[in-house]
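Q: Each protein sequence line maps, in turn, to chains A and B. According to the numbering used here, the first sequence is numbered sequentially starting from 1. According to the numbering used here, the second sequence is numbered sequentially starting from 1.
Keep in mind that the hints were calculated from the coordinates and are not lab data. Ideal Cβ placement from N, Cα and C applies to all residues, glycine included. Treat each hint with caution, since some may be false.
List time: in silico BS3-like cross-link candidates among lysine-lysine, alpha-carbon distance up to 30 Å [to be verified]:
#, chain 1, residue 1, chain 2, residue 2
1, B, K95, B, K127
2, B, K81, B, K138
3, B, K47, A, K200
4, B, K81, B, K50
5, A, K159, B, K138
6, B, K95, A, K200
7, B, K47, B, K104
8, A, K200, A, K144
9, B, K50, B, K27
10, A, K114, B, K95
11, B, K126, B, K138
12, A, K30, A, K17
13, B, K41, A, K114
14, B, K102, A, K159
15, B, K81, B, K102
16, B, K50, A, K188
17, B, K138, A, K188
18, B, K47, A, K188
19, B, K104, A, K114
20, B, K126, A, K159
21, A, K159, A, K30
22, B, K32, B, K6
23, A, K249, A, K283
24, A, K114, B, K50
25, A, K159, B, K127
26, B, K32, A, K200
27, A, K17, A, K249
28, A, K188, B, K6
29, A, K39, A, K188
30, B, K32, B, K138
31, B, K50, A, K159
32, B, K98, A, K80
Restraint-style ranges between C-beta atoms, simulated for each label pair [claimed, not checked]:
#, chain 1, residue 1, chain 2, residue 2, range
33, A, M1, B, V121, 35 to 45 Å
34, B, D72, A, N267, 32 to 42 Å
35, B, A38, A, S203, 53 to 63 Å
36, A, K114, B, N74, 52 to 62 Å
37, B, N74, A, I208, 20 to 30 Å
38, A, D86, B, G29, 21 to 31 Å
39, A, D235, B, V4, 50 to 60 Å
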Amino acid sequence: MRHLMSPLDFTVEELDKIFDLAGEIEKDPKRFAHVCDGKKLATCFYEPSTRTRLSFEAAMMNLGGNVIGFSEASSSSAAKGESVSDTIRVISCYADICAMRHPKEGAPMVAASKSLIPVINAGDGGHQHPTQTLTDLLTIRSLKGRLGGYTIGLCGDLKFGRTVHSLIRALLRYDNIHFVFISPEELKIPDYIIDELNEKNASYEEVIKLDDVMGKLDILYMTRVQRERFFNEEDYIRLKNFYILTKEKMLLAKPDMIVLHPLPRVNEISVEVDDDPRAAYFKQAQYGVYVRMALIMTLLNLEA
Amino acid sequence: MLNVGKIEEGFVLDHIKAGESLNIYNKLGLDKLDCTVAILKNVRSDKMGKKDILKVECPLEMLDLDVLGFIDHNITVNVVKAGEIVEKKRLTLPKELKNVIKCKNPRCITSIEQELPHIFVLADEKKEIYRCKYCEEKAVKKI
């Protein structure tokens with residue numbers, strides 16, 4: 001039985017298969033409409049995340065399956081003090097597969113070690129968010145035609161942004177990628193990711209200003225400065241407006257650059273950019289459903 | 001000069017940094033074992049000036065010495081059988097540490113999940129870096 005804890009749980013070849021399957025789903029969704037008939041997905045969300053949860057639920061429903069679950073810890077048995085290990089043992093009796101989000105880092109791994117059904121890490125604290133990474137990879141592959149050989153800029157909160165950490169680790173397995181890290185000093189990429197980049201001899205640079213590097217990027221990955229990751233409000237207010245993508249900044253970019261964002265956006269991408277054909281963040285949300293469909297099928301060993 | 005007698009079967013842990021023997025006594029869980037232990041503190045040493053020594057009389061399979069590699073790989077482990085030193089063990093860094101150090105990350109699942117062991121895995125042998133199995137937080141070497 002397979003689980004998904006980190007984007008590195010699958011080999012590059014296995015990921016290619018998942019992306020191929022997602023591509024088939026995109027082309028002909030009807031063919032997959034009954035693949036999960038009679039199956040249940042449990043969405044165990046110990047912290048609120050409308051987007052990821054609905055994406056999982058939509059994915060399961062598109063496959064003909066059903067969904068059970070909870071969307072915050074206060075409405076689950078965790079409020080009564082139940083451990084993650086106990087919860088998953090019980091959920092294993094109710095559902096065929098589980099997607100778990102938890103504010104504590106490593107919680108889905110603890111669940112997977114006790115589970116009788118496949119567990120998907122749907123985000124654990126500031127640690128990993130593998131299905132977002134699969135979404136990002138599928139979007140890049142679909143829109144750029146390849147997963148290596150480009151310059152990618154990652155902008156915003158690179159310290160606490162788990163989507164960024166997961167994405168970098170996943171991209172390190174592909175060739176000829178130049179990373180440009182664009183962040184304020186306070187939100188720089190953590191040392192353990194830099195260690196990994198150095199170990200793998202990856203090409204990277206760290207810069208402060210987005211304007212300085214816009215022209216050389218093939219992909220710009222924007223992130224939100226998350227309020228809940230800060231210990232005090234003052235720091236949040238001081239930093240949140242540091243990096244805002246505007247129409248003017250887009251003038252500096254290549255004509256075929258794509259802009260990605262894990263969403264939700266607050267104000268780091270100006271609404272006027274939405275109409276630019278290079279803005280791909282809403283398409284990305286659609287790819288998120290396709291890749292989750294492919295993932296559910298893969299973990300449940302189902303075929304169309 | 002203080003004399004401590006020979007042991008028949010067990011371990012003599014030599015070249016322990018002076019003052020560290022009690023820490024090692026605790027980390028090896030010797031307080032929980034029913035065996036004879038001699039703790040020698042501040043013993044004169046040509047090599048180190050002062051050192052500590054631990055003599056443990058116990059069946060050889062009773063003690064897991066893996067953790068010593070993490071604490072200080074310069075400790076000499078003499079394995080004693082039938083009153084003779086039969087092996088001098090070379091210490092290496094253990095691949096995994098279970099309940100030896102605690103994860104300090106307040107966001108780690110180990111901070112709330114009951115009876116979950118604190119497990120650290122050797123992430124980089126050259127730099128002697130351990131990371132929490134769950135959250136990947138770097139271990140603080142001083143224990």
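Q: So, for every hint listed, does it hold in this structure?
A: Hints, verified against the model:
no., hint, verdict
1, B:K95 to B:K127, "13 Å, holds"
2, B:K81 to B:K138, "39 Å, violated"
3, B:K47 to A:K200, "40 Å, violated"
4, B:K81 to B:K50, "27 Å, holds"
5, A:K159 to B:K138, "15 Å, holds"
6, B:K95 to A:K200, "22 Å, holds"
7, B:K47 to B:K104, "36 Å, violated"
8, A:K200 to A:K144, "24 Å, holds"
9, B:K50 to B:K27, "21 Å, holds"
10, A:K114 to B:K95, "23 Å, holds"
11, B:K126 to B:K138, "15 Å, holds"
12, A:K30 to A:K17, "20 Å, holds"
13, B:K41 to A:K114, "45 Å, violated"
14, B:K102 to A:K159, "23 Å, holds"
15, B:K81 to B:K102, "35 Å, violated"
16, B:K50 to A:K188, "45 Å, violated"
17, B:K138 to A:K188, "17 Å, holds"
18, B:K47 to A:K188, "45 Å, violated"
19, B:K104 to A:K114, "24 Å, holds"
20, B:K126 to A:K159, "25 Å, holds"
21, A:K159 to A:K30, "41 Å, violated"
22, B:K32 to B:K6, "23 Å, holds"
23, A:K249 to A:K283, "21 Å, holds"
24, A:K114 to B:K50, "49 Å, violated"
25, A:K159 to B:K127, "23 Å, holds"
26, B:K32 to A:K200, "44 Å, violated"
27, A:K17 to A:K249, "37 Å, violated"
28, A:K188 to B:K6, "58 Å, violated"
29, A:K39 to A:K188, "43 Å, violated"
30, B:K32 to B:K138, "29 Å, holds"
31, B:K50 to A:K159, "45 Å, violated"
32, B:K98 to A:K80, "28 Å, holds"
33, A:M1 to B:V121: 35 to 45 Å, "22 Å, violated"
34, B:D72 to A:N267: 32 to 42 Å, "53 Å, violated"
35, B:A38 to A:S203: 53 to 63 Å, "57 Å, holds"
36, A:K114 to B:N74: 52 to 62 Å, "40 Å, violated"
37, B:N74 to A:I208: 20 to 30 Å, "44 Å, violated"
38, A:D86 to B:G29: 21 to 31 Å, "28 Å, holds"
39, A:D235 to B:V4: 50 to 60 Å, "58 Å, holds"
The structure is inconsistent with the numbered hints 2, 3, 7, 13, 15, 16, 18, 21, 24, 26, 27, 28, 29, 31, 33, 34, 36 and 37, although it conforms to all the rest.
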